[in-house]
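Engineer: Protein chains in written order, with our numbering: chain U, 537 to 1001; chain L, 537 to 1001.
Hints are computed from structural coordinates only; laboratory data are not their basis.
One or more of the hints may lead you astray.
To be verified - List time: in silico DSS-like cross-link candidates among lysine-lysine, alpha-carbon distance up to 25 angstroms: (1) U/713 x U/618; (2) L/703 x U/755; (3) L/703 x L/575; (4) U/655 x L/575; (5) L/703 x L/713; (6) U/923 x U/954.
There are 2 protein chains.
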Amino acid sequence: MSASVDAVLAHADADLAGSRDRLFDLLRIPSISTQPEYKGECVKAAEWVRDQLSGMGFEASVRPTAGHPVVVAHHPGPAGYKGPHVLFYGHYDVQPPDPLELWNSPPFEPQLIDGPRGKRFVARGAVDDKGQAMMFIEALRAWHTAGGCIPARLTLLIEGEEEVGSKNLEPFLIANKAELSAADVALISDTNMWNVETPAVTTMLRGMVYAELTLKAAKRDLHSGLYGGAALNPINALTRILGQLHDENGRIQLPGFYDRVKPISNAQRAQWDALGFDEAAFLRDIGLTAPSGERGYSALERLWARPTADINGIWGGYIGEGSKTVIAAHASAKVSFRLVPGQEPDEVVAQFQQFVQDRLPPGATVEFADHARAPGIAVNTDTPWIKATLDALTEEYGKQAVLMGCGGSIPVVTSLRKVLDLDSVLMGFGLDDDQIHSPNEKFEQACFHHGIRSHIRLLAKLAGG
Amino acid sequence: MSASVDAVLAHADADLAGSRDRLFDLLRIPSISTQPEYKGECVKAAEWVRDQLSGMGFEASVRPTAGHPVVVAHHPGPAGYKGPHVLFYGHYDVQPPDPLELWNSPPFEPQLIDGPRGKRFVARGAVDDKGQAMMFIEALRAWHTAGGCIPARLTLLIEGEEEVGSKNLEPFLIANKAELSAADVALISDTNMWNVETPAVTTMLRGMVYAELTLKAAKRDLHSGLYGGAALNPINALTRILGQLHDENGRIQLPGFYDRVKPISNAQRAQWDALGFDEAAFLRDIGLTAPSGERGYSALERLWARPTADINGIWGGYIGEGSKTVIAAHASAKVSFRLVPGQEPDEVVAQFQQFVQDRLPPGATVEFADHARAPGIAVNTDTPWIKATLDALTEEYGKQAVLMGCGGSIPVVTSLRKVLDLDSVLMGFGLDDDQIHSPNEKFEQACFHHGIRSHIRLLAKLAGG
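The whole structure should be built from the sequences, with the hints applied where relevant.
Structural biologist: Okay, structure coming up:
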């Protein structure tokens, strides 16, 4: 099949502008999953993806869930295909774009601009995950157009709730297990490269617990002069509680939080040390001068293999211009914990609630909400799929691909293992400075282009294997 | 003059509905001083007040400041008047009405409704301070109409920035010292009664420092998975700092904060104890079950004679629906300190800034803004003005008026002393449950009515003295 791979790669090169235009069409749809008013836009994005796949001969449909729909598409591959059945996972939903005022261009009007590494795409979702999912779809298009076939038996699963914890995906997998469990391996493109020259496969992912809490005190807002000194201030109480989340060494203070956290192996540590991570440059890039986090661990260990606690949002009282002498009736925060393999999300939720209850002042009450619970993941690296992926990347870049960790969470990896008994391969093309979840999210055109080409190569290898 | 006082009181009784209607006209003007978009409404309120006074023969004008204007009005009193020159101070500005959704009626559409103590007025500013200022103006109107004269030499000073710290008032007093310093005593109606049956003169007022701070970390928002564990989270840092404002006994931890705080005298404590304050009922009224604040002091001491620290607002990161896995670039809070007589506002500002700087994690920066600085006040109680006021109140209510403290701040008392060398008399008619600065602010019609009548009596006593 190698002659044909070259023709398909050549086609992808020639049609790069077309691939980009199609990605831009998808980026123009503000499919923000967390905000109910964008529900219709999520449906529109799903239908757009479905139509792309139908046009290449897939049996594709937009399937309802209790939340935003899932796109499912199947193709049997070439006649007489004997290779593995590959399930590709991606997501069409995006994070909210706020704070809007920090964007240099409207987040849903994709821009092609010049950057230090050539052209780049700027839009919400440029890399996370519309850009990465579209690399696979464009690889399929190149195969379909220039290779004369879809080269492997494929199932695509493109969901719309990754940015809100994928809570309806697992029920969907369970309900459609008969249809989906024929796959042999899952392929996911939602992670990063090691750096712009060095491709990578991600084999460790942190999990996440994302909680929200509201502390309530008096039944109404109070004047801070007339009540201050006698009435409980829920913002004072909230900062007092959350201010104790870490000790002075950056260790998280939930009782039992580290009980299931295991140190990484010496081999793993040696491999990560060999990557030569430049922490100072990493921090300088985001405007920071000093490291943060848990003392006694290397930066990569803190990012990939140690759990964290971050307050993602906090609000209460008067937050307008000027001053208001008010003691608020309630105060709230969103708090997330990144978990490492071994930690149980349900246990961490209970530990956090207990931590707050233990510190609640008399007269206050607390309410909790739950936005995500997903365990950390360690991918089995001893599989033919990982080997094929490393080979495809190494050929494409002319440089050895590396194995790395990722501090983020991709809960679907757990669900695919649990419900469909599938190993996942995480081949991603994002860069650390892509500003995902931030204003001016971008994707390097070179990464997008290499990503399409790497998927073309990987499909050939998997099909031939 | 006593026959004439009875006639004036009778007129005030007969015209109560008219007085209320005029107050409602003023309450309909949303003169919110802290929000720039209401600048025109502040001017409108000032002009409305000026017109009321011009109509009674005052030489009244709306005078510009660097912020909202001040209404100044003068009247020489009856021909041959020999008594003291009284300066009345009030304010026409109000607090923002938010949270709007908790109001039972629109905040700037005043309502006359039935409550457990008879009719009440509901609107933003009903008691603070439009309602209280209008008691004095309606007392003047009754004198003017039924008494045939304005009974004393008077100056009225009705400002529009009390709710934002009165920062342009002192420069105004200095610039107009020649015009204003002829007064002998200041009269202010912006405080509370002891309870609905017991009139009071307030002789201790807490001061205030109101600061705002913004902690800055990375130069942009970050993904909490990709950066969590390595990048400083400014919300974590802010809660950690502000969570240390108090120790476990409710004592404020700024270095040197209590150095100038003096214990109250035993006589003062005995007098306050004799008031029989029911703390449990006070708290129950606002939905709280347990006291808060500094341990080892009675509730009235904590409210009137001990300093406090309250976070009045806090915000940072993602505060919309659902979840966003972001590490914010910055986080902010508004923090106010109530001060007691002796504490120096400038020192407290410096102590707070030092407290924050001392706890700032490496790589973070902090910016401070300043919304108010006013010292606490202890009024001289050994004056003929206090005696006349207690007598007027005791006659009106048929019950001995008491001396009390107030936890709130009225910065003008300091300015009047400093610039114009004036003692202030604080005779107020608010109640603890008036919900000032909160949704559904109200004023009891009985308090408004007694307030008009008490001012009629007090004017007679001062003029005759």
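Engineer: Check each numbered hint against the structure and report the violated ones by number, ascending.
Structural biologist: 2 and 4
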